[in-house]
Amino acid sequence: MHSLFHANFVDYLIIVIYFIFVIGVGFLLKNYMRTGEDFFLSGRSIPGWITGLAFLSANLGALEIMGMTASGAEYGMLTAHFYWIGAIPAMLFLGLYMMPFYYVSKVRSVPEYLKIRYNEATRGLNAVSFGLMTVLTSGISLYSMGLIFQVLIGWSLSTSIMVSAVVVLLYVGLGGLTSSIYNEVLQFFLIWAGLLPIPLIGMHNLGGWSGMMSRLPSSFGHLWSNMGSPANNAMGIDWLGLLLGLGFVLSFGYWTTDFLVVQRTLAARNLRAAQNTPIYAAFFKMIVPILVIIPGLIAVAVYPHIGHTPGMSYNLALPLLIAKYYPPGMMGLGLTAMLASFMSGMAGNVTAFTTVWTYDIYQAYIRKDASEKHYIAVGRWAVFLGVVISIGTAYIAAGFPSVMDYMQTLFSFFNAPLFATFLIGMFWKRATGWGGFWGLIVGIVSAFLMYMLLPAHLFTSPDAGNFWRAWWAWVITAVVTIGVSLMTRPKSDEELKGVVYGLTKLPSYKGYPWYKRPGILASIAFVILIGINIWLW
Amino acid sequence: MDLSKTKLLDLRFLIGILFTIYGVILVIYGAIADPHTKALSWNIDLWWGLVNLIIGLVFLWIARRPQRLDD
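Chains as they are written, first to last, in the working numbering: chain W, 136 to 672; chain R, 124 to 194.
Think of the hints as simulated: they come from the structure by calculation, not from any bench. Using N, Cα and C, we set each Cβ at its ideal position, and we do this for glycine too. One should not assume that every hint holds.
Here are the simulated DMTMM-like cross-link-like pairs (lysine to aspartate or glutamate), alpha carbons at most 25 angstroms apart as the crow flies [stated by the list, open to error]:
| # | chain 1 | residue 1 | chain 2 | residue 2 |
| --- | --- | --- | --- | --- |
| 1 | W | 459 | W | 255 |
| 2 | W | 241 | W | 199 |
| 3 | W | 250 | W | 629 |
| 4 | W | 645 | W | 629 |
| 5 | W | 165 | R | 157 |
| 6 | W | 564 | W | 172 |
| 7 | W | 651 | R | 133 |
| 8 | W | 459 | R | 133 |
| 9 | W | 640 | W | 209 |
Simulated restraints on C-beta separations [said to hold, decoys possible]:
| # | chain 1 | residue 1 | chain 2 | residue 2 | range |
| --- | --- | --- | --- | --- | --- |
| 10 | R | 154 | W | 152 | 42 to 52 angstroms |
| 11 | R | 185 | W | 241 | 27 to 37 angstroms |
| 12 | W | 349 | R | 185 | 17 to 27 angstroms |
Just some of the chain R residues that point at chain W, by a computed CB distance under 10 angstroms [to be verified]:
| # | residue |
| --- | --- |
| 13 | 137 |
| 14 | 140 |
| 15 | 145 |
| 16 | 166 |
| 17 | 173 |
| 18 | 175 |
| 19 | 178 |
| 20 | 180 |
| 21 | 182 |
| 22 | 183 |
| 23 | 184 |
| 24 | 186 |
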């Protein structure tokens with residue numbers, strides 16, 4: 136098959152060294168996996184800066200990098216809403232207000248928190264739906280990466296799927312969550328090493344920011360000034376839908392309740408490190424658009440017909456620039472960065488799946504009292520199983536051209552209602568076990584029904600549809616949870632100690648220097664966030 | 124699980140090693156092959172390899188100190 140690049144020996148050398156390196160780390164870590172907590176939660180012993188970078192990178196998969204660059208080429212700086220409004224506030228909220236409950240209650244997973252706060256049924260519902268969604272998304276990212284490598288260097292789809300799957304299987308199976316976290320942090324640095332030259336060279340060649348902007352539609356440089364009505368901007372959304380749907384429900388739903396990211400905070404060595412995890416991550420998240428959105432803008436300035444000519448889809452924005460600017464050697468580094476980001480995204484899915492399967496399904500319903508050794512063995516089998524299922528779902532994904540959008544929507548079915556369940560559960564002690572269960576299930580079902588039954592033309596664009604449906608699913612979940620709670624018997628204060636706001640002793644960090652205090656760090660991040668939004672208004 | 128005693132599993136050390144290796148490979152390849160693309164007149168492998176090498180060495184240097192346990 137014809138490919139964009141012709142990788143030579145130095146490129147392969149760089150890729151192979153990376154593979155050897157991550158598998159080697161897995162082998163070294165294997166000797167430290169003694170208890171289930173070691174394997175599934177890194178023994179709660181990782182420093183804050185490491186969990187912070189892992190928190191961010193677990194989400195920064197290849198799909199995200201390619202997809203956001205494509206979106207940057209299609210919509211311009213509007214795409215940055217997914218980073219700044221769509222992530223930072225939620226990350227700060229998780230660190231400041233939700234982390235104490237997750238960490239102090241000593242839960243090992245998100246479903247386990249739901250069991251303590253609500254009841255066994257709520258936990259079961261969440262465990263099964265999360266496990267299902269996770270292996271499905273992991274398969275889809277596996278497929279997309281296979282596709283990327285097929286286009287870039289001409290490997291066959293099966294070769295790239297198998298090679299990547301085996302590497303992930305080895306390092307996660309050997310070193311558990313620690314292995315996965317180490318790779319996520321390595322990936323964070325690799326992605327900068329491999330991709331930062333693209334925006335630097337591109338902007339330089341185009342004559343800086345103003346030179347680049349002069350070749351783009353004027354709306355490409357603004358975040359808010361065209362959001363007054365859906366007709367004025369390329370995304371087809373107004374500011375209210377954006378704030379409620381993306382900024383509130385979808386972003387908080389993902390960043391505060393998805394176990395894939397929450398698991399990284401639980402690996403931190405104390406509560407303060409756990410609180411600082413998403414706050415450190417927020418600072419790094421703010422600068423990621425330099426790597427992914429700016430190259431999208433550059434691609435449009437360099438190739439004005441991108442997205443409108445055959446063989447030049449928006450998805451190829453980043454690969455086209457790599458092919459244009461990188462000689463052999465650098466190309467190997469760029470490909471390694473993408474490979475690493477893909478694999479850590481998939482490893483994140485696999486570790487989260489493994490933990491939920493082992494603690495919330497196997498230990499909860501199949502075998503309650505087994506030895507630590509037994510649960511680690513079950514965990515390793517779950518990694519194997521997770522990877523095998525991912526390979527299967529990757530080939531299923533290959534059969535459906537539009538499965539990506541469909542999955543994104545499916546994902547929001549589960550996260551939007553779950554966020555209402557969590558918010559009410561953490562801050563309103565009157566919420567009852569069955570209130571949580573019925574709220575969650577009605578929310579999921581109604582999100583699904585809205586998607587199936589409401590005609591597409593009701594919304595100004597597919598994104599607008601996603602945002603508004605997420606908002607209403609959240610509202611329905613909240614109303615049902617509160618309604619059912621008022622009709623059922625509340626839990627006693629004793630049961631809710633350490634789980635609910637008002638019944639939990641929150642720590643004070645008065646004696647610490649400012650750069651170690653979550654409250655002060657989060658305030659600084661928030662001020663910078665507002666500054667960026669005003670600057671690019 | 125206490126990884127702080129093992130140099131080999133200090134993440135700062137691992138990042139340092141990987142970047143040093145990549146830096147050396149890129150610098151040597153850049154110096155020998157002098158690769159170019161149409162869009163780029165200067166030797167990016169050599170210069171970016173040097174940047175990687177410096178980052179790698181900085182991480183190795185930081186990793187000489189033991190990891191602080193309070194943060």
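**Request:** Tell me, in ascending order, the numbers of any earlier hints that this structure violates.
**Result:** 1, 2, 4, 5, 6, 8, 9, 10, 12, 17, 20, 22, 23 and 24
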